[in-house]
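Engineer: Given next are the chains, with one letter for each unit.
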Amino acid sequence: MTELTLDNVLLIASAIFCVGVYGILSRQNIIVILMCVELMLNSANMVLVGFGRAAIASSPTPASPNMPQIFVIMILAVAAAEAGVGLAILLAVFRKWRTTNAGELHLLNG
Amino acid sequence: MPESIDAIVFYLSAIVAVVCSAVIVTRKNPVYSAVFMVLFFIAWALNFLILRAPFLAVIQVLVYGGAIMVLYLFVIMLLNLKPEEIKEEVTTQRKVLSAIASVGLFILLAWAIRTSPKVNDAPILSNSFLPDTPAVTEAGSLEAIAMELFEEHGLAFELTSILILIAIIGAIYLTKKGKALSHDGTHTG
Chain A
4 MTELTLDNVL
14 LIASAIFCVG
24 VYGILSRQNI
34 IVILMCVELM
44 LNSANMVLVG
54 FGRAAIASSP
64 TPASPNMPQI
74 FVIMILAVAA
84 AEAGVGLAIL
94 LAVFRKWRTT
104 NAGELHLLNG
Chain B
49 MPESIDAIVF
59 YLSAIVAVVC
69 SAVIVTRKNP
79 VYSAVFMVLF
89 FIAWALNFLI
99 LRAPFLAVIQ
109 VLVYGGAIMV
119 LYLFVIMLLN
129 LKPEEIKEEV
139 TTQRKVLSAI
149 ASVGLFILLA
159 WAIRTSPKVN
169 DAPILSNSFL
179 PDTPAVTEAG
189 SLEAIAMELF
199 EEHGLAFELT
209 SILILIAIIG
219 AIYLTKKGKA
229 LSHDGTHTG
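Protein chains in written order, with my numbering: chain A, 4 to 113; chain B, 49 to 237.
Rather than coming from a laboratory, the hints here were simulated on the basis of the structure. Keep in mind that a hint or two might mislead.
Subject to a maximum C-alpha distance of 20 Å in a straight line, what follows is the list of computed SDA-like cross-link-like pairs (lysine to any residue) [what the hints assert, rightly or not]:
#, chain 1, residue 1, chain 2, residue 2
1, B, LYS130, A, ALA95
2, B, LYS130, A, ASN104
3, B, LYS76, B, LEU87
4, B, LYS130, A, LEU108
5, B, LYS166, A, ASP10
6, B, LYS166, A, ARG101
7, B, LYS135, A, SER67
8, B, LYS166, A, LEU14
9, B, LYS143, A, ALA18
10, A, LYS99, B, LEU87
11, B, LYS76, A, LYS99
12, B, LYS135, A, GLY106
13, B, LYS76, A, ARG101
14, B, LYS76, B, LYS166
15, B, LYS76, A, LEU37
16, B, LYS166, A, SER67
17, B, LYS130, A, ASP10
18, B, LYS166, A, SER62
19, B, LYS224, A, THR8
20, B, LYS166, A, ARG98
21, B, LYS135, A, THR102
22, B, LYS166, A, VAL96
23, B, LYS130, B, VAL83
24, B, LYS225, A, GLY106
25, B, LYS225, A, ILE92
26, A, LYS99, B, LYS224
27, B, LYS135, A, ASN104
28, B, LYS225, A, ILE36
29, A, LYS99, B, VAL83
30, B, LYS135, A, SER62
31, B, LYS130, A, GLU107
32, B, LYS224, A, ILE73
33, B, LYS135, A, HIS109
34, B, LYS143, A, ARG101
Here are the simulated distance ranges between beta carbons [claimed, not checked]:
#, chain 1, residue 1, chain 2, residue 2, range
35, A, LEU110, B, ILE63, 27 to 33 Å
36, A, ASP10, B, GLU136, 35 to 41 Å
37, B, VAL144, A, THR5, 18 to 24 Å
38, B, ARG142, A, ALA66, 32 to 38 Å
39, A, ASP10, B, GLU186, 58 to 64 Å
40, A, ASN112, B, GLU133, 29 to 35 Å
Every residue, glycine too, gets a C-beta built ideally from N, C-alpha and C.
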C-alpha cells in the first residue's frame, strides 16, 4: 500500500468519478451539477496521466511518453469551453425562469 | 526500499481530494462548493506533480483553480441568490437511489481494475522504481510536451482554437441582453 501502484491511482480516480455521478444524480442546483461534471473530467485526466506514467515506468525507451499529457491538455481546453457555454446557458435560463433549480425546469417533461 | 515518500504524499492528497469532492456534492450553498473545488484542484495538481506531469500541475492550478472557478464564483455573484432560492427539494428516496447507483458503479470499476491483467502487471510507479534513461527523465517536461504537441498534433491544436472561438461566440450570444428565447422558441427584442 505504501508504494505508488497503477491500480491505486485508478481506484482514486474512479472514486472521484463516482462522487461526481452521485452529485449529478442527487443535486438539483445547476451550478453544483456543472461542478460535478468538472470533477468527472478531472478523474478522467488522472486516469490518463496514471497510464502514461505506467507506460514510462515499464520500458527504458517509451514510444511516445507525452501522448497522455497532450490528451489532458486537449481535455482541459474542451472543459474550459464547456464551463463557459454551460454557465452562459445557466445565466440565460435564470433570466427567463428566475431559477437555478433543475427540478423546476420541466418544459421537457412528458 | 520498503516505502516511498512520494507514495505517502500521493495518498494523503488523494484523501484530501476525496473529502473535498464529498463536501462539494453535499453543501447547500454553491459558494462553499466552489471554494472546496479550488482546494480539490490544488490537491489534484499535487497528484499530477507526483506522477511526473509538472506542466499539467501548473496548468491545473492556473486554468481550473484560477480561471474556471473565478468564472463559477462570478456567475454565483451575478445570480445573487437568496437563501430560499437555493433550497432544493430532494427526496430521501432519490438520494438513496443515487447513492446505490454511484456505489454500484464504483464497485464495478474497482472489480474491473482489480481483475485487469494489464493493470496488475504494471510496474510500481514510485520515483525510485523508474528507469534512469534520458527518454524517461525528460518525459513530461515542458520542452518534450511542446515538441510533441506542435510537431505531431498541430492540426488538433489549431482545431482547439476554433472550438474555443465558437465557445466564446456562443457564450456572448447566449448572455446578450434582449436575446433571450421566448416560450415558443422565437427571438424577442
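Engineer: It remains to establish, for every hint, whether it holds in the given structure.
Structural biologist: Here's how the hints hold up against the structure:
1. B:LYS130 with A:ALA95: Roughly 18 Å between the alpha carbons, so the hint for B:LYS130 and A:ALA95 holds.
2. B:LYS130 with A:ASN104: holds (13 Å)
3. B:LYS76 with B:LEU87: holds (18 Å)
4. B:LYS130 with A:LEU108: Distance ~19 Å between B:LYS130 and A:LEU108 Cα, so the pair holds.
5. B:LYS166 with A:ASP10: holds (10 Å)
6. B:LYS166 with A:ARG101: violated (51 Å)
7. B:LYS135 with A:SER67: Given that 20 Å is the threshold and the Cα spacing comes to 50 Å, the pair is violated.
8. B:LYS166 with A:LEU14: holds (15 Å)
9. B:LYS143 with A:ALA18: Given pair B:LYS143, A:ALA18 holds - Cα atoms ~18 Å apart, limit 20 Å.
10. A:LYS99 with B:LEU87: violated (33 Å)
11. B:LYS76 with A:LYS99: violated (23 Å)
12. B:LYS135 with A:GLY106: Status holds; Cα separation ~11 Å.
13. B:LYS76 with A:ARG101: This hinted pair holds, its Cα atoms lying about 18 Å apart.
14. B:LYS76 with B:LYS166: Violated: B:LYS76 and B:LYS166 sit about 41 Å apart, past 20 Å.
15. B:LYS76 with A:LEU37: Given pair B:LYS76, A:LEU37 holds - Cα atoms ~15 Å apart, limit 20 Å.
16. B:LYS166 with A:SER67: Holds. B:LYS166 to A:SER67 sits at ~19 Å (cutoff 20 Å).
17. B:LYS130 with A:ASP10: violated (44 Å)
18. B:LYS166 with A:SER62: Holds, because 15 Å separates the two Cα atoms, which is no more than 20 Å.
19. B:LYS224 with A:THR8: violated (50 Å)
20. B:LYS166 with A:ARG98: violated (51 Å)
21. B:LYS135 with A:THR102: Since the Cα atoms of B:LYS135 and A:THR102 sit roughly 11 Å apart, the hinted pair holds (cutoff 20 Å).
22. B:LYS166 with A:VAL96: Distance ~46 Å between B:LYS166 and A:VAL96 Cα, so the pair is violated.
23. B:LYS130 with B:VAL83: It holds: about 19 Å lies between the C-alpha atoms, which stays within 20 Å.
24. B:LYS225 with A:GLY106: The given pair, whose Cα atoms are some 25 Å apart, is violated under the 20 Å limit.
25. B:LYS225 with A:ILE92: With a Cα-Cα distance of about 13 Å, the restraint between B:LYS225 and A:ILE92 holds, given a limit of 20 Å.
26. A:LYS99 with B:LYS224: holds (12 Å)
27. B:LYS135 with A:ASN104: holds (8 Å)
28. B:LYS225 with A:ILE36: violated (25 Å)
29. A:LYS99 with B:VAL83: Since the Cα atoms of A:LYS99 and B:VAL83 sit roughly 28 Å apart, the hinted pair is violated (cutoff 20 Å).
30. B:LYS135 with A:SER62: violated (54 Å)
31. B:LYS130 with A:GLU107: Holds, at roughly 16 Å.
32. B:LYS224 with A:ILE73: violated (34 Å)
33. B:LYS135 with A:HIS109: It holds: about 17 Å lies between the C-alpha atoms, which stays within 20 Å.
34. B:LYS143 with A:ARG101: violated (25 Å)
35. A:LEU110 with B:ILE63: 27 to 33 Å: violated (42 Å)
36. A:ASP10 with B:GLU136: 35 to 41 Å: This hint holds: roughly 36 Å between Cβ atoms.
37. B:VAL144 with A:THR5: 18 to 24 Å: violated (36 Å)
38. B:ARG142 with A:ALA66: 32 to 38 Å: violated (47 Å)
39. A:ASP10 with B:GLU186: 58 to 64 Å: violated (27 Å)
40. A:ASN112 with B:GLU133: 29 to 35 Å: Taking Cβ atoms as reference, A:ASN112 and B:GLU133 lie about 21 Å apart, which means the hint is violated.
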